[in-house]
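*Asks:* Guided by the hints, dock chain B onto chain A, whose structure is given.
Listed here are the chains, written in short residue letters.
2 protein chains.
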Amino acid sequence: MEIVSENKAFGGTQGVYTHLSHSCSCEMTFGVFLPEEAKYGSVPVLWYLSGLTCTHENAMVKAGAQAWAAEHGIALVFPDTSPRGEKVADDDAYDLGKGAGFYVNATQTPWADHFQMWDYVAEDLPSMLQEKFPLDMSRQAITGHSMGGHGALTLAMSLPGRFRSVSAFAPICNPTGADWGKKQLSAYLGDDTDAWAKHDSSVLMLEKGFDGPVLIDQGADDQFIDLLRPETLAAAAAKRRQEFTLRMQKGYDHSYFFVSSFMEDHVAFHADALYAD
Amino acid sequence: MEIVSENKAFGGTQGVYTHLSHSCSCEMTFGVFLPEEAKYGSVPVLWYLSGLTCTHENAMVKAGAQAWAAEHGIALVFPDTSPRGEKVADDDAYDLGKGAGFYVNATQTPWADHFQMWDYVAEDLPSMLQEKFPLDMSRQAITGHSMGGHGALTLAMSLPGRFRSVSAFAPICNPTGADWGKKQLSAYLGDDTDAWAKHDSSVLMLEKGFDGPVLIDQGADDQFIDLLRPETLAAAAAKRRQEFTLRMQKGYDHSYFFVSSFMEDHVAFHADALYAD
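Sequence order for the protein chains is A and B.
The first sequence lines up with residues 0 to 276 when you count with numbering that gives the first Met the number 0.
The second sequence lines up with residues 0 to 276 when you count with numbering that gives the first Met the number 0.
A hint or two may mislead.
[Said to hold, decoys possible] Straight-line distance between alpha carbons at most 16 Å, and here's what the computed EDC-like set of lysine to aspartate or glutamate pairs gives:
1. A:K249 to A:D220
2. B:K131 to B:D210
3. A:K249 to B:D271
4. A:K249 to B:E1
5. B:K249 to A:D135
[What the hints assert, rightly or not] Computed beta-carbon distance windows for the label pairs:
6. A:D193 to B:P109: 53 to 63 Å
7. B:L158 to A:D264: 47 to 57 Å
8. B:A111 to A:L158: 38 to 48 Å
Honestly, the hints are just simulated from the structure, not real lab data.
What you are looking at is a predicted structure, and each value in this text was computed from that prediction instead of being measured.
For glycine and all other residues, C-beta sits at the position ideal for the given N, C-alpha and C.
Looking at chain A on its own, in the form it has when it is part of the complex (with noise of 0.2 Å):
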């Protein structure tokens, strides 16, 4: 692991680092913000997987969970959202290829080589992260916005007692049924529906739900609320009896001026389970 740059940010250290990626085969940026508190010991740790176009960056800058953060003690982790690098397969959209990995184990060619992000999300980051960083990994929470919320909600329900609680900001929701979901499902997976499913939140809620709160904040102006499908994970989890939380927030949009304006509320939310015992 190297480190990229270190900043003191809200009393703690918001920090960049590469490392080589096993899952992914190549080298990864990610952001780790410390609270003060993890100079004295371990803190507990919460997620942040971003969407489609984002670096690692992009929340780390402007997201503002770091303040929350600090007040409750909580470190962070910004991963990327897919491998990067010369020898890494890309397409020419936006929506497919780098800055799009949809955390998944790509099984398709040219994917497969390196579109491994479940495994590097689930596996291999936190490894390293529980090797180098003063972090309780008994308490993880986890979040995410748009392909990140969708990201956040598969893996918290895939592994169970591996997050406290989970929440999400405008998440793909059922990306089985939308085309934020089928283009990259179709490229990745191939055709094996099975496989998609796995990666759907709303198929998720239905057959498994989360042991623990969920939170979900969706704009009701947000210009890709017909990709999101937030009607089909709202109807999964109540049918479910799941406990969550779900706020159509009225005016807002997709953008990061959306995810900042609720942050307080997610840091404070995850910070609830993290310390409850």
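*Replies:* Showing chain B alone in chain A's frame:
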């Protein structure tokens, strides 16, 4: 109008009154809580519609709303749930007839003579309240529990401009599709399913929505949840992009212990809307 009782409560007055209802052609009883501020001028008003088997009294003594209404300077109105008296038709079942008016205007025998609860709550009682109490009728909000949640939602969506905000505790969300609904709508309205649809908040949500914020709390362990069908309203509200919050509250059942646990949030939610200007 006659005074049945008036008790000092939370600095204001909890009163119970009777009057002759023109809509229901019988004497009706209702409760009004006036906060201390009502001594000096008119105050905003929050309606609370009750559920099956309730009278005006249940919520008045068990929902714990007065403390928060006093804090926000808001009046509360607690109507009865059906016409009453010896001349009023009834049924042996708890969920039809007295205590089960369902907030509709009955068209069928033997109900049509007195069961005009929609008009009672929408027209009859408001006229009298406006005349007799220091209420600012330009600042009204509405909530309710179970059948009363159904009433609150259907009234709010069907009377645009009347209420600034609507909330519900464990509302009957889709009566045209569940046994809490089909039985009563059939008895009161006959087989005119177009008339039923006007009293189904999931249908109204898709067709009209509500021009203001909506808050819904539902207990995840509600023993009647399969009759309430929150998933139908959740999907409709999300599909409409309605400004709303839906919370599935882990471990809570259908009782007033559930209602009173979240009453503070509901009154604060309505206060935000009632004092916005």
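*Asks:* Each of the hints needs a verdict: does it hold here or not?
*Replies:* Verification of the supplied hints:
Distance restraint check for K249 (chain A) and D220 (chain A): the Cα-Cα separation of roughly 7 Å lies within the 16 Å cut-off, and the hinted pair is therefore satisfied. In summary, the hint linking K131 (chain B) to D210 (chain B) is not supported, as the alpha carbons are separated by about 29 Å, beyond the 16 Å threshold. Taking the CA atoms of K249 (chain A) and D271 (chain B), the gap is near 15 Å; set against the 16 Å cutoff, the hint holds. Restraint check: the Cα-Cα separation between K249 (chain A) and E1 (chain B) comes to about 44 Å, which exceeds 16 Å; the hinted pair is violated.
Restraint check for K249 (chain B) and D135 (chain A): not satisfied, since their Cα atoms lie roughly 26 Å apart, outside the 16 Å limit. Under the hint 53 to 63 Å, the C-beta atoms of D193 (chain A) and P109 (chain B), about 57 Å apart, fit the expected range. Evaluation of the 47 to 57 Å hint for L158 (chain B) and D264 (chain A) yields a failure: the beta carbon distance comes to about 32 Å. A beta carbon spacing of about 58 Å between A111 (chain B) and L158 (chain A) contradicts the range 38 to 48 Å that was offered as a hint.
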